[in-house]
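K.L.:
Each chain, letter by letter, is given below.
Number of protein chains: 2
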Amino acid sequence: MRKVEVCLTPDLIHQVSLKGKIAVVVDIFRATSCMVAGLANGVKAIKPVSSVEQCRQLGEQGWITAGERGGIKIDDFDLGNSPFDYLDEKAADRQVAVSTTNGTLAIEKSLGAQQILIGAFLNLQATANFINEVPNDVVIHCAGWKGAVNVEDTLYAGALIQLLDAKPTGDSALLAHHFYLHHQDNLLAIAKESGHAHRLAGFGIQKDLDYCMAIDKFDLVVKLENDVLTKI
Amino acid sequence: MRKVEVCLTPDLIHQVSLKGKIAVVVDIFRATSCMVAGLANGVKAIKPVSSVEQCRQLGEQGWITAGERGGIKIDDFDLGNSPFDYLDEKAADRQVAVSTTNGTLAIEKSLGAQQILIGAFLNLQATANFINEVPNDVVIHCAGWKGAVNVEDTLYAGALIQLLDAKPTGDSALLAHHFYLHHQDNLLAIAKESGHAHRLAGFGIQKDLDYCMAIDKFDLVVKLENDVLTKI
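Residue numbers (the numbering used here), protein chains in the order written: chain A, 1 to 232; chain B, 1 to 232.
Since the hints were derived computationally from the structure, they do not count as laboratory data. Note that the structure is predicted; figures quoted are calculated from it, not measured. Among the hints, erroneous ones may be present.
Which copy is meant is left open, because identical chains are indistinguishable; a pair holds if it fits in one copy or across any two.
Taking lysine-lysine pairs in the DSS-like style, the calculated list, with each CA pair at most 25 Å apart, reads [what the hints assert, rightly or not]: (1) K3 with K192; (2) K146 with K167; (3) K192 with K167; (4) K146 with K47; (5) K3 with K146; (6) K167 with K47; (7) K223 with K146; (8) K207 with K73; (9) K192 with K223; (10) K192 with K19; (11) K192 with K73; (12) K223 with K3; (13) K3 with K47; (14) K207 with K192.
Let the sequences and hints guide you as you build the complete structure.
P.N.:
The following block contains the structure:
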């Protein structure tokens, strides 16, 4: 049976071989949840970039700009980093350039993989179904928080493992899988204990957390191709 | 309340500030279990070194030599890396120089801490009691396996958190604590699922695994001072 491994943070990706594998990048609060929500709701394409300046340059070329620093929308940008921003009609049928920190780093560090998918609880089953149709080994790449392991991405890794026809391989996969199994009846409760949930709750965005933890709201698969995210 | 953090592998120690803190280094299979067992059974002092050559040089100066590479005792060394080797009478009242890979690295990377303790299930409660008498913040530093997170050290981190008068701080501490809580009634079963347990089981040392997972066999605390481990 093919394997599924978990990389708990981009700071540990050097321990994983990506060649020939599918990398599933996840940043539940909130980058990859936004990406999935946006593409499910009519956004045409999303380009993740690491700097605010790159994002502004794309803005000048007609892209919608999105991003936050420290949880706050960047002043002159069109959208912040709330999934609800991506549901706004001004984003529909447009291309969005998004500046995120943890999410973009995890994507960049996944570039050695054969295919990069973007995962979120919002499209959990659809992503699993897609992967189950192909034979490749899988690496679930958690974006974490500034290089540290986080609860919500680890939970997602365990949830995806649970749905894959693949053998959990390595202790990080085992940890993530057990962590999910023990909390599957109340994912939101444990996710809200995470450090990042506490940071975000300070900005009064409780509804974002609830939204990002909603499972299978959308039936779509998101891939990276030529530096741009689109629906498959 | 003072804090307890967890560093899941030495590859993530850069994310933790050690200054003024107690670092508890743990490498359950088998380095720190050997150290605790040895010092509890009459070994006078243990010096962890990173290279086989350093170990040999100390051997020439009268130290007992101990160590393994890839789970196998080094040919010309006195002891291997089994806790039972450290119970041998030839080690009693002697100084032991030990070459380990993961354990030594975690100790070296803990040198910024105010105090370094060596933890194992074998002296879990004693270590907790000692820490509970002092006010310092705590970092539990898991040695892992070649930089990767492992199950058994993470379990120990959760078990120690459970006994400390300290607030688990950060998502790694939360993960470790929950992982322990969900498996506390059968630590051995989940520890045996770890990748390293599988590697070691191949060498026919099942009894080592059982021994390393025995809780509170010894009532002693082990500290590092001037590069040497001794009982407190």
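K.L.:
Does each hint hold? Answer for all of them.
P.N.:
Verification of the supplied hints:
Taking the closest pair of Cα atoms, K3 and K192 come within 25 Å of each other only across two copies (20 Å); inside a single copy the shortest separation is 30 Å, beyond that limit. With identical chains, the CA atoms of K146 and K167 are at most 25 Å apart between copies only, with a shortest distance of 21 Å across copies and 29 Å within one. Taking the shortest alpha-carbon separations for K192 and K167, only the inter-copy value of 17 Å comes in at or below 25 Å, while the best intra-copy value is 29 Å. Proximity of K146 to K47 under the C-alpha cut-off of 25 Å is restricted to the intra-copy arrangement: shortest distance 21 Å within a copy versus 35 Å between copies.
Within a single copy, K3 and K146 get their C-alpha atoms only as close as 27 Å, which misses the 25 Å cut-off; across copies the closest is 20 Å, which meets it. Taking the shortest Cα distances, K167 and K47 never come within 25 Å of each other, neither inside one copy (32 Å) nor across copies (40 Å). In the homo-oligomer, the alpha carbons of K223 and K146 lie at most 25 Å apart inside one protomer (23 Å), although the nearest pairing across protomers, at 32 Å, exceeds that limit. When the C-alpha separation of K207 and K73 is checked against a cutoff of 25 Å, the pair qualifies only within one copy, where the shortest distance is 16 Å, while the shortest distance between copies is 57 Å.
Within a single copy, K192 and K223 get their C-alpha atoms no closer than 28 Å, and across copies no closer than 37 Å, so neither meets the 25 Å cut-off. Neither within a single protomer nor between protomers do K192 and K19 lie at most 25 Å apart by alpha-carbon distance, with minima of 35 Å and 29 Å respectively. With identical chains, the CA atoms of K192 and K73 are at most 25 Å apart within one copy only, with a shortest distance of 22 Å there and 47 Å across copies. Proximity of K223 and K3 under a CA criterion of 25 Å is satisfied intra-copy only: 20 Å inside one chain copy versus 41 Å between copies.
For the identical chains of this complex, K3 and K47 are neighbours neither inside a copy (29 Å) nor across copies (40 Å), given an alpha-carbon limit of 25 Å. Only within a single protomer do K207 and K192 lie at most 25 Å apart by alpha-carbon distance; the minimum there is 12 Å, versus 41 Å between protomers.
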